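Chemist: Listed below are the residues making up each chain.
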Amino acid sequence: MSSNAITIPGAQIQARPWVDELHLWLTTVDHKRLGILYIGSSLLFLAVGGVEALIIRIQLMHSHNNFVSPEVFNRMFTMHGTTMIFFVAMPVLFGFANYLVPLMIGARDMAFPRLNAFSFWLSFLGGLLLYFSFLGGSGLYGAGNAPDVGWWSYAPLGARAFSPGHSSDYWTLALLVSGFGSIGTAINIIATILCLRCPGMKISRMPLLVWLNLVMAGMVLIAITPLSAAQIMLLIDRYLGGHFFDTQAGGSAVLWMHFFWIFGHPEVYILIIPCFAFMSEIIPVFSRKPIFGYPVMVAATVCIAFVSMSVWAHHMFTIGMNSYANSFFTLTTMAVGVPTGIKIFNWIGTMWGGRIQFKTPMLFSIGFLFQFLIAGLTGIMMAASPFDWQLSLSYFVVAHFHYVIVGGILFALFAAFYYWYPKMTGRMLSERLGKWHFWLFLIGFHLTFDVMHIPGILGMPRRIYTYEPGRGWDTLNLIISIGAFIQALAILVFVANLVISYFKGDRAGNDPWDAWTLEWSISSPPPAYNFATVPTVASRRPLWDAKHPEDPDSRYE
Amino acid sequence: LTLRTKSRLGSGWQIALLLFWFARPLWAIEPDGSTAQGTNIFAPASTPAKSIADLSVFVLVITGIIFVVVFALLVYAIVKFRARTRDVGREPAQVYGSTQIELAWTIIPILIVVVLFLATARVIHAIQDAPEPAGAVEVTVIGHQYWWEFRYSKLGIVTANELHIPISDPSHPTPTFLRLLSADTDHSFWVPELAGKTDLIPNHPNRMWMDPQRTGVFVGQCAQYCGTQHAKMLLRVSVDGPEDFAAWVRAQQKPAVEDVGAIAGRRVFEGNACMNCHTVGGTPADGRFGPDLTHLMSRTTIAAGAAQNNRQNLRLWIENPSAIKPGSLMPAMKLSDGDMDAVVSYMETLR
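These protein sequence lines map, in sequence, to chains A and B. Residue 9 is where the first sequence starts when you use our numbering, and the numbers rise one by one after that. Residue 1030 is where the second sequence starts when you use our numbering, and the numbers rise one by one after that.
Honestly, the hints are just simulated from the structure, not real lab data. Note that this is a predicted model, so its numbers are computed, not measured. Honestly, I wouldn't trust all of these hints.
What the hints assert, rightly or not - Sample of chain B residues at the chain A side, in silico, Cβ under 10 Å:
no.: 1; residue: E1120
no.: 2; residue: D1158
no.: 3; residue: V1220
no.: 4; residue: P1231
no.: 5; residue: V1246
no.: 6; residue: M1304
no.: 7; residue: T1308
no.: 8; residue: G1311
All C-beta atoms in this analysis are idealised placements derived from N, C-alpha and C, irrespective of residue type, glycine included.
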């Protein structure tokens, strides 16, 4: 990185030797630098996970393809899933939370800056540990070997009898270590929000992004702990003679499923709630209206958090639970649709009567709304457990959760990138490249993931390295793969935009979007101490009040 | 059926779904020319699959309507409320919310959820809690890495990978009840046109049933990732008419054919590790790690559906299983050419 890549904000811009610069980044406890580190490392892992996805898609382009061996294919989907969830989606969202939460509540840093740095490095090293398995996994024949047990590592596949060598151990340790990092960050976010709000910022005046990250952090505390416990139990099984999940010795495979999914389902909401947060900041600004129904948005989020803790076994409808359990989890899962629907309606309500500006962040937000609607509806289909007995473990599920994660989370993240990049770097991202990025990605996404529902309905299971001809799956898979490459192309445009705009983008100024939250009141990028004087707020949109002293929000709240 | 026609009013991709459903004869022909049934969940041939498909169409219609309504609102808002040049520098009316509207879009979804839940609960109960009638055929299915073992305890039959079950006449039902076990990792039994999938989990016996109402071969495969060759753990279910099924049962109940012409191959089989893993009924070979070979030649495929069952493939399978199914637990037997020919000839007598 060039020596003046990102200067200490507010200080004199001067070239520093690169060693000093590196030292500064490695030892930083500044929430903004850590946020950028989180985001940067996630982009790195996004590239790796994306390449893995492309390998999967090349292999599946037609039946009986021999691009990779079954062993390699199985490693690819395991690594792709693990990477994307644990080392892309979570860290990038933590990165944005880290960067934005203190700025939005008028604080000078997170509550525990050193814990913050420690948590980041734990997460990052967890990712390196996972990838070290390619070299140090010592599989059956002593060669390097990545885990190939699927990102759930269902028992007893993860037991030593079925997963010899150390590849599974790297997987376990990577999740355990990064899990501790996640817990550290969650504690930090909660403490920051509860203790460091500026004068006047009552709980009921926090920007929705702050509210939603508070809820997300609470869910991390509840959801990551059972995962960590399960990883420790798995290690005990593998090395200390335990039998928790060792079915050969009377252990329970179903117990592992419960542990995994009581983490795994809330995890989906841990990922999507910060994206709701982005939407709740971006849509109002580009519609030029305040968020519609702020109290209901908060209530719906808290409601989603609670209900989503009781839906995990809808991932297990095919394991032979009795009809009462299946009915219960059908009901709770469908019930989550209610508060989620409220959110979608409230975003539309925000746009209603507004003056919508179609800048790139808003384009991605509209893409999010449209795709998240479909993802929610296919979710309702699979919540009906008998329907799920057909759809579960098929490509329909793969299409559904990619609709959530790519169509929802990634689109929201792109919106966030285009929206806050000016604040982080002081430069605007190019609108022209942004539109190319948006349309290419939109086309690629729909080509891949709309079509992917159909092979599932035609009986194609997930996680198969090849398939029989004559089942009507060939053409569909070819289309899906072509879409994947279009998405990859769009990502290249995005990366080009990030790099080119960093050097040549228009100067952003403090407040390029004419927005209303506190981060836009200070310079871009913000100085190390954020606020020269700690601000005082009187409403949910302090900058609106400043810009419209004749008609401030504080009059109505 | 009225629901099905209505669902065409749904969104575009649901129409696409239905087109695929109606176009399914196009892909029902296997490349080798034999007609096998497809794997379309909307072409049910058995009561559980049919009640699921009916419920699915109902859910698709409801979600389709929700999609159309919300999508229309979204598009309307985007088009109607886009910023125009005359608006520059003016902010729209700042509206903070509306309790009545928000209450409406809370209560209506709750009502929809109640309806969907009740419809679903009915189907869950009808499928899962169905009593087993006296005439039911019982089969124990044991999942192995990467093949299926079928044991008909009451009939004294053991076979692999190709399940035979009788057709079930609704007026005189003879459903088949499967007891699902696993010898190693998790698997899932999925033949989409006969029933939804149910997992085979070690230490966790499961149950499922089907009452196919047309004859033919129904295909499916393992749906729960079970290891390297999860992809080639294929399933064939042959639904036979009553006479055909009875004839198949009688043939399977017999011990292996003793053909003196194949005695050399039998010696190779019993003198090597083959018999440690495979059973040939009526001979000392009684291994259970691999599929039962007593009536091997009554099956159309080998290696859990990975290859057609013919002399060439049998020889290749014994010589180099990785050529057909890399990662399979069948070892390469390293036999001499003569022994190989002999043992393949022996296999071919096991009718």
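Chemist: Which of the stated hints cannot be reconciled with the structure, identified by number in ascending sequence?
Modeler: 5, 6, 7, 8
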